[in-house]
Amino acid sequence: MADDSSTSHRRDPIKSSVGNVAAQRRRQNAVTVGKERRESLVRAKRLCRVGATGDGDVPVEENDMITDEAGFLLDTQTSSAVEELKSAVAYQGKGAMQKRVNTLRQLRRLLSKSEFPPVEAALKAGAIPLLVQCLSFGSPDEQLLEAAWCLTNIAAGKPEETKALMPALPLLIAHLGEKSSLPVAEQCAWALGNVAGEGEELRNVLLSQGALPPLARMMLPNKGSTVRTAAWALSNLIKGPDPKAATELIKVDGVLDAILRHLRKVDEELATEVAWVVVYLSALSNFATGVLVKSDVLQLLVERLATSNSLQLLIPNENKLMQRKCTLIVVLRSLGNLVAADSHTISTVLVPGHEITDGVIKVLVKCLKSDHRVLKKEASWVLSNIAAGSIEHKQLIYSSEAVPLLLRLLSTAPFDIRKEVAYVLGNLCVAPTAGEGKPNLIEEHLASLVQRGCLSGFIDLVRSADIEAARLGLQFTELVLRGVPNGDGPKLVEQEDGIDAMEIYQFHENEDLRNMANGLVDKYFGEDYGIDE
Amino acid sequence: MAMEITQFLLAAQSADAKVRTEAETNLRQFQEQNMPLFLLSLSVELSNDEKPVESRRLAGIVLKNSLDAKDAIRKEQLVQQWMAIDVSIKSQIKDFLLKTLGSSVPEARHTSAQVIAKIASIEIPRKQWPELIGSLLNNMTQQDKPASLKQATLETLGYVCEEISHQDLVQDEVNAVLTAVVQGMNLADHGPEVRLAATKALYNALEFAQTNFENEMERNYIMKVVCDTAMSTEVEIRQAAFECLVAIASAYYEVLEPYMQTLFQLTSNAVKGDEETVALQAIEFWSSICDEEIELQEFESPESGDSGPPHSCFIEKALSSLIPLLLETLLKQEEDQDQDDTIWNISMAGGTCLGLVARTVGDAIVPLVMPFVESNIVKPDWRCREAATYAFGSILEGPSVEKLSPLVQAGLEFLLNAMKDGNNHVKDTTAWTLSRIFELLHSPANDFSVISPENLKRVLGVLLESIKDAPNVAEKVCGAIYYLAQGYEDAGPSSSLLSPYLTEIISCLIATADRTDGGDSKLRSSAYETLNEVVRCSNIAETSSIIAQLLPVIMNKLGQTMEIQIVSSEDREKQGDLQASLCGVLQVIIQKLSSTDETKPIILQAADQIMLLFLKVFGCRSSTVHEEAMLAIGALAYATGSQFEKYMPEFFQYLEMGLQNFEEYQVCGITVGVVGDICRALDDKVLPYCDGIMGLLLKDLASSELHRSVKPPIFSCFGDIALAIGEHFEKYVPYVLPMMQGAAEICAKMETSDEEMVDYGNQLRRCIFEAYSGILQGFKTVKPEVMVPYAQHLLKFIELVSRDSQRDESVTKAAVAVMGDLADALGSNIKLMLKESAFYDEFLGECLQSDDEQLKETAGWTQGMIQRVMVL
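Residue numbers (UniProt numbering), protein chains in the order written: chain A, 1 to 533; chain Z, 1 to 872.
Fair warning: there could be bad hints in the mix.
Stated by the list, open to error - Selected chain A positions facing chain Z (Cβ under 10 Å, derived; list incomplete):
1) Asn-29
2) Ser-79
3) Asn-286
These are computed hints drawn from the structure, not numbers from a lab.
A virtual CB, placed ideally from N, CA and C, is assigned to each residue, including glycine.
All chains should be modelled from the sequences, with the hints used to inform the complete structure.
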């Protein structure tokens, strides 16, 4: 009951000034912010239940159940987020755009949340058409960004989930254009990179829809993260096996310059991604390799290798995660590709006595010295290509610091490295040949290497189940038998149990190896063998 | 038997503080020693016509306050206290009160009527005062009783009807009460005092008359009497009758159809020719009809098609007559009307009603108003120009954007030019109209605005020039800038449009805030609030450096307030107001800059200095803390995170002070919120301060002085503290949990007729649940067993709430979440309890079928938690 019952009902006049209402709204807003923070904190606590049980004797399946619960919850959250997005897309009133962005952000967060993002739930709830709608032209940047981000995360899913992005591809490609803001373009590139990483089929779709030229142009400016993402996406896109895309890429105006420019930068991550592009260009397209070799790229790669200390090795077995920090390897692989693809390179660019050649050898030695097997292996592989070159190249390596390292690796390293090392050492001992027939020996090299104990390594290879390695072992054994001065060869081979090793092949299914081994045993360890003793 | 307490009652009103305090102490002692006798003595004092009016007045007030309080917990205590009093003493008190209704002193009669109604509100629902209605009616039916008694009796009946429900009486009594009231309005039988009292009583009894309004014959009769009364010769009675019509429009909208013809005539005549007090009520009648129809439209769900209350389209039907009537009122401006928000006159009420009509009918209003606008806006008489502008500004909400935007586009330039009109009133209304345009038709975030990027420069040019005009105009211009900036919030690329002007806007607003011709602080606070909105809505990527530059400027200004010479309490108030505004700006800047990782360091670097300033602001007052500084500190705590720890030793005293500020309960409420912010910022580093904080919070809860609105958040705050300190909360459990259980029990008993109480009850429930959630989650990993003894009570409370069909959605969410927390934290400990509670399955089922996704999600989680418990 009102004591002041005489006052009449006063409503607020429509014409009022802003001060009071605004202050109240501001205070209200501050209080609401606190409430929201409380809610999100409690929600976080509810979801976080690692090791969270009161009683000690928890059944083992607890964890599964927890994961299921969390997964279930994430799925429900995701489908409801998609539902909200649906209504936000339909809503046109005041604040519509903010509403859309908020719901998109929510969905994106859910999709980024766990190790197993709820992609399936999102697809089931019909996320793709909505996201495509959110990508429509003229949408505000924030919205585009969030939508593309959602798609990126979806594309990171299983193959069929990645394929679900098909309807979104044209718009994602369209937003790569110069008119888009950098963050939007970058996010779209990321999404497309994920799609391209999925496989040949999707790569072909992307190529036919024209994804390559705009991605290539994104590499041109000097914006670190954009270039990195674009390079990453491109390396996925040109993976082939058809070399056409790689050839097309190197033909795009400015791309070669951009590659060189970015390789010169200090930014390791940027250089890595760009080097990946070089890897695929040089691995797939002879045309591209030819163009690259004529540029400064080799020089740059060598410099990179010489200066880089980044040894974080994360092997890119997962194409969809953009966290490849393996600078050295990539650079090395690029170098190797360029050296291997074109013998012309070796004879004209890596001329012995040139500064660059010494540089190459030096960085390769550095790699051989590293603790990382992949680096050692890749370096050996590059060296083996160089060692296959001219007599001068062989002499260069032979007299370098590499040989003792190689010799040690041959006896101690894991098999795959030993095999590469064996190629180097083998190549050092044979002279380049013009025609068919048995290679000519470089006696000095052979004698010295054998004397320094490399034979046992090769004999080990002979015993290997790997046919290629075994052949290499047999070939080298043949060199020793034939070429070690003073006819000491057979004796040395016998000392290293070479005969036993070769006798494995007596009835081997591989005819080539069988004949080779049997031939050697017959020829050098026939009936006359050992009579002298 | 009663004590003589006149002297104490008089002394308690003495101007001498010492005398006053002593008397208050004496009274309190008496009250504590013997409550029944104390109340009896008060009623004796009130009833005795030989006593001074002053002591009787205070006796009545103390008596009333011993029966009712705003705070639900306190009120419940008072009710229990009254019920515990011996029946014979109670009946003596009631007799004295009824006797007082016949007193010759009007004030005593009035107070007694109020106290009777309070007792009735306790006793009638419990059938403990069956003779009250009879004895009141007896006063009315006996011809020879004096008019003053009848007048007081009618007043009492009105208050009693307001306090109780018609279901508390048998229908015959209800009818008899209403008959007595309505007959009291009869011209033939009673003089004006009685008729006025009867009309006011009817106003209070309208809700009580629900069943009578459902009966057509009775309704016709009541309506006829009210309409007749609305044409009384006495203006006060006419006004009271129109007030009844306004209330009827809200309460009985759905049965008004047959009376609308008459009501239109009545209100129309009143608007055109009656005294202002009556005319205002007549306009209010139509505003109330609009309120009803707008509400019907808002809740109308076209797809569900279920039959809610019918929409009678009264406004639409009356539109062609109603609009000219309202437009006429706009021309009745007062000559030198004060340009402030408290002004309320015919033209203001008319414009307000016009705005509501626009919201009710939408597009249909536009062709009826535009001719008035177009013909008047160019007339030489300023009243015409002002009325035209006001009419235009009033109808901007409701009609479609398609309908309005061509008109606004065409008129915008005219309005911009009108900011140079010769008349202050015209400029004031023009600026307000511009602010309405920007509020309603400028939404770049949705790709729509009447302001193109090209004419933004022109618009801002005019606004920044006009902000130098007279203070009232400048204030409205602030409003225009406020909404202009707001439109660009989160507007994607468009949010950049304002960035180039930001520096200039900010410096103009600061210059405006610095003006000294405003008279009071209103212009300054509008300017600062506008500055806040401009900062809040700016595109942070482009403007962070500008905002970063603003920060030291505002800090400097705040520093300068410490230098103000304080001679009078007025100076103190002025300083406080200025500090409030500046702390508000800092709060917004802190919030804005700490929202991105790139800009947060700016705040972190300045945090020490900012905090120093806030502490100085606190230091300016001895007994109270500054609300706005407190709020800003909440933002700072969030920005600094655990770094806030270093400020705690110095700041803690003010936190304590805020928590003890019972009088300025908003301050206390905000401080409670800041405790939450600090808990989240410091996490377990808040531990050293928890004893102090908890002690004060518990005291706050127990206090009957503290406004009830602060209490629910205190429960939530317990949750915040428990979350922060985890197992260390254990020592508070024996104090806190009984409080929570007590509050839960009060919730269960809360009455459901009062809408405000229902809201409060919902808030309280939600906050109790939040407290449980925080405590359970806090103990979850370390010491859940502490909460086992309290699980049963909580479960019962959840069950009770789950059975309440009126429960609010937010309560449902909190209830379902806390159930999950209970299962999550206590695990197998509550397996048996859950097995015995059948309710939760159904409750979860209901929640899982909800349309609210968040609720569904929480229910799903809870279901998972409970399933886990059940299989363990």
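Worksheet item: For the hint on Asn-29/A, does the least C-beta distance to chain Z fall short of 10 Å?
Response: Constraint on Asn-29/A satisfied, holds at 9 Å.
Fill in: chain Z contact restraint on Ser-79/A - CB to CB distance below 10 Å
holds (9 Å)
Item to complete: Classify the hint on Asn-286/A as holds or violated, based on whether any CB of chain Z lies nearer than 10 Å to its CB.
Response: It is violated, given that the least Cβ distance between Asn-286/A and chain Z is near 46 Å, above 10 Å.
Going down the numbered hints, you'll see the structure goes against just number 3.
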